[in-house]
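Protein chains: 2
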Amino acid sequence: IAKEVAKLLEMKAQLGEDEGKHKFVLKTPKGTRDYGPKQMAIRERAFSAIISSFKRHGAEVIDTPVFELKETLTGKYGEDSKLIYDLKDQGGELLSLRYDLTVPFARYLAMNKITNIKRYHIAKVYRRDNPAMTRGRYREFYQCDFDIAGQFDPMIPDAECLKIVHEILSDLQLGDFVIKVNDRRILDGMFAVCGVPDSKFRTICSSVDKLDKVPWEEVRSEMVGEKGLSPEAADRIGEYVQLHGGLELIERLLQDPQLSQNKLAKEGLGDMKLLFEYLTLFGITGKISFDLSLARGLDYYTGVIFEAVLLQQENEHVEEAVSVGSVAGGGRYDGLVGMFDPKGRKVPCVGVSIGIERIFSILEQRLEASEEKIRTTETQVLVASAQKKLLEERLKLISELWDAGIKAEMLYKKNPKLLNQLQYCEDTGIPLVAIVGEQELKDGVVKLRIVATREEVNVRRESLVEEIRIRTSQC
Amino acid sequence: IAKEVAKLLEMKAQLGEDEGKHKFVLKTPKGTRDYGPKQMAIRERAFSAIISSFKRHGAEVIDTPVFELKETLTGKYGEDSKLIYDLKDQGGELLSLRYDLTVPFARYLAMNKITNIKRYHIAKVYRRDNPAMTRGRYREFYQCDFDIAGQFDPMIPDAECLKIVHEILSDLQLGDFVIKVNDRRILDGMFAVCGVPDSKFRTICSSVDKLDKVPWEEVRSEMVGEKGLSPEAADRIGEYVQLHGGLELIERLLQDPQLSQNKLAKEGLGDMKLLFEYLTLFGITGKISFDLSLARGLDYYTGVIFEAVLLQQENEHVEEAVSVGSVAGGGRYDGLVGMFDPKGRKVPCVGVSIGIERIFSILEQRLEASEEKIRTTETQVLVASAQKKLLEERLKLISELWDAGIKAEMLYKKNPKLLNQLQYCEDTGIPLVAIVGEQELKDGVVKLRIVATREEVNVRRESLVEEIRIRTSQC
Chain V
148 IAKEVAKLLE
158 MKAQLGEDEG
168 KHKFVLKTPK
178 GTRDYGPKQM
188 AIRERAFSAI
198 ISSFKRHGAE
208 VIDTPVFELK
218 ETLTGKYGED
228 SKLIYDLKDQ
238 GGELLSLRYD
248 LTVPFARYLA
258 MNKITNIKRY
268 HIAKVYRRDN
278 PAMTRGRYRE
288 FYQCDFDIAG
298 QFDPMIPDAE
308 CLKIVHEILS
318 DLQLGDFVIK
328 VNDRRILDGM
338 FAVCGVPDSK
348 FRTICSSVDK
358 LDKVPWEEVR
368 SEMVGEKGLS
378 PEAADRIGEY
388 VQLHGGLELI
398 ERLLQDPQLS
408 QNKLAKEGLG
418 DMKLLFEYLT
428 LFGITGKISF
438 DLSLARGLDY
448 YTGVIFEAVL
458 LQQENEHVEE
468 AVSVGSVAGG
478 GRYDGLVGMF
488 DPKGRKVPCV
498 GVSIGIERIF
508 SILEQRLEAS
518 EEKIRTTETQ
528 VLVASAQKKL
538 LEERLKLISE
548 LWDAGIKAEM
558 LYKKNPKLLN
568 QLQYCEDTGI
578 PLVAIVGEQE
588 LKDGVVKLRI
598 VATREEVNVR
608 RESLVEEIRI
618 RTSQC
Chain F
148 IAKEVAKLLE
158 MKAQLGEDEG
168 KHKFVLKTPK
178 GTRDYGPKQM
188 AIRERAFSAI
198 ISSFKRHGAE
208 VIDTPVFELK
218 ETLTGKYGED
228 SKLIYDLKDQ
238 GGELLSLRYD
248 LTVPFARYLA
258 MNKITNIKRY
268 HIAKVYRRDN
278 PAMTRGRYRE
288 FYQCDFDIAG
298 QFDPMIPDAE
308 CLKIVHEILS
318 DLQLGDFVIK
328 VNDRRILDGM
338 FAVCGVPDSK
348 FRTICSSVDK
358 LDKVPWEEVR
368 SEMVGEKGLS
378 PEAADRIGEY
388 VQLHGGLELI
398 ERLLQDPQLS
408 QNKLAKEGLG
418 DMKLLFEYLT
428 LFGITGKISF
438 DLSLARGLDY
448 YTGVIFEAVL
458 LQQENEHVEE
468 AVSVGSVAGG
478 GRYDGLVGMF
488 DPKGRKVPCV
498 GVSIGIERIF
508 SILEQRLEAS
518 EEKIRTTETQ
528 VLVASAQKKL
538 LEERLKLISE
548 LWDAGIKAEM
558 LYKKNPKLLN
568 QLQYCEDTGI
578 PLVAIVGEQE
588 LKDGVVKLRI
598 VATREEVNVR
608 RESLVEEIRI
618 RTSQC
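Here the protein sequences line up with chains V and F, keeping their order.
Each position in the first sequence, counted from 1, maps to that position plus 147 in my numbering.
Each position in the second sequence, counted from 1, maps to that position plus 147 in my numbering.
No false leads were mixed into what you were given.
Pairs involving identical chains hold if they fit within one copy or between any two copies, as the list cannot separate such chains.
Taking lysine to aspartate or glutamate and the EDC-like style, the derived pairs with C-alpha atoms no more than 20 Å apart in a straight line are: (1) K420 with E539; (2) K543 with E424; (3) K202 with E191; (4) K560 with D300; (5) K360 with D227; (6) K235 with D276; (7) K561 with E424.
No lab work stands behind these hints, which were simulated from the structure alone.
Remember, predicted model here, so these are calculated numbers, not experimental data.
Please put together the full structure from these sequences, using the hints given.
Rendered as structure tokens:
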């Protein structure tokens, strides 16, 4: 017994020690991550492609606070409202972290009485979801939104949103993709002709929304079992939601004996036809699929909806870590701004949201696989010295370079070894070294070393800035 | 009486109506604001100057989550901890919004065992302070931080931080400024020789910190009345904190019979002398003032501290709205990373934080005063038509332009009036109009109109992209 007690006491002591060491947990909150310099370099590349496209289409940019009054977000997200992060009541207003950028945009429009704007907004949003971080699903993540608000002729802005998704996914070279398109009015019309009661439209729509993740059988049993839909209605829905195609499918459905009798469906199909005509002019119908199974989770959509998914290359072995999935989505929400306007004045809107985290996961994996070395700084030159006691001279020279707009670094040591200085350039990819030495100082020159070739040239001090500019102009 | 009752009823009805209309308050949370396209354009200018300087000095960039575990922030901010925003406990971890970027940076270093990095981080931070928004004080605001972490020879990184502040404030042309510099060790040494008990160092330091806002008499009475300092000690402090100057003041204090006997003060003064030598090599001592009244509120500083303030031009009438104040601050915090490391391993750090909101307020006011028209998009050309039924042709042409990388817009109307299209260019500053018409289509040309001069030239369709590029290359 004494032996056992001693063992237990020892175990307890060990545990106590461990607890003592870890006074606190050193981590970021669940579902969040830091971005180090390498990740940031990749992220900046993706942002740059996205922002370029948004600007190419003439968008302005806005920004809104990370939190909103809690009531601003209430009643906008349906079943997903439970995922909203609330702030603690510390006296004053009740606040929540934004769940997307669309609701704050609608609040911004109503508050400022703006009836006409094309804007983008790139910012983090927050969802208390179950994170799947290896697949790029986080609780804090960026959305890159482009929206067109205003009363315009039908489907012209909608077509432009799809053009933008097409441009961005092509630019980023993420592999093959398809943009699925549908319309809430077609869905609602379909539900009506299938015999779904009006009161069940939204909840049945949520079930259909799951079709990209679970097979039809499961969705059907949810509709019939949990949601009390008749098996006949479910089966009729089942037939429609298998359909996907292009203009010819739209034409066929416009002739469909049931759908063609439904006002909403007819409107939706008519606009879908127009949309496909515009997309043909843009030359992008090859990647667009009119897909009756696309439903989109959010409550506020009123017309066209769309979602871009990456397709897995057949002959390519893709690891589980980066699974294929949705990278962009959006649609038309003509009623949202009116929910904020005291007089209910509506501002029609259509927009798209690019999900950067999943794109980032793919780019990051690809970069790792390619062994491409990515630079995390833009430094053009390291100011170095071969001898001791030249700190002052290095400080003087680097100051001159900074003032001339040259990106320059030096080691923060009084007397660094030349080898260490050259090694630093190798490690960080700095292409040039400006070496000051006693002889060079006397001669009024600086020795410029090209790291890649190890070539060294003496450059007159007054020409140094120009010489560095020329030699790094391709960077 | 009946008349009065009717009147009251009418008033009540009106009130009821108003209440009904405003089902919710349409606003952003207290102390926050939206940034519209114009404000964003100004903000981007300021960011661009700041990021340029950070990159010129070879900084990498990182990002961290907007919230941290509550315990990560605990015990870092002294009296200001009450200003931290906590998230509601919705199950799971207890979280707080970041209060600055320095503590998350230290957590990042400890967590990733990084002992050597030069990085910048531009992001929003949150403080439940009393907002004074007209003066650029918000509850949500950007900080632009540049920090150097690592074990280096004394004062070289510290001097670079001051050089960066000098560069940025000069670049932004905010008017005259001064960068006040002091050292926590000099302050502590001064407190010791003035007879402040060790236990009161921090709280007396907080009092000194108020000297930029309230006169000495008030600070003195807080020290003596609230904080129980002897009047003699307070008066001795009062003599020191009036002092400010340059190298000659440092030399004088190094000879000061009391201070020179104090180990901490001597160390601090020795390093301050070294710092001024380096700043002389950088040629920026003209804007630097060694100021014994500078204390800085935050607990974590251990060495050099500094703060940049804008000086009001004497002959310039400045409105109350933009009052003169601190636009950057920072210092050395050698102990903070060790607070996160399980084994207490220290990583010496020094850094600077640029406060963009106050700078932004000044730039915004200046822009309004100057009546300079600021563009909020970069659109190079509007695709227009003079005749009806040319929507398809406009869509085809704009798609060609987008695919060639040209920034192009069109009105989202089937048959817009030419006048409206030209007016849109005037309003938004688009320099060129590409006009498609039936004759032009037949001739294989596009009519390119230069908005500023009203000149019109026919350009062959295959040369259009090149022509637009040339004509907008200076933009």
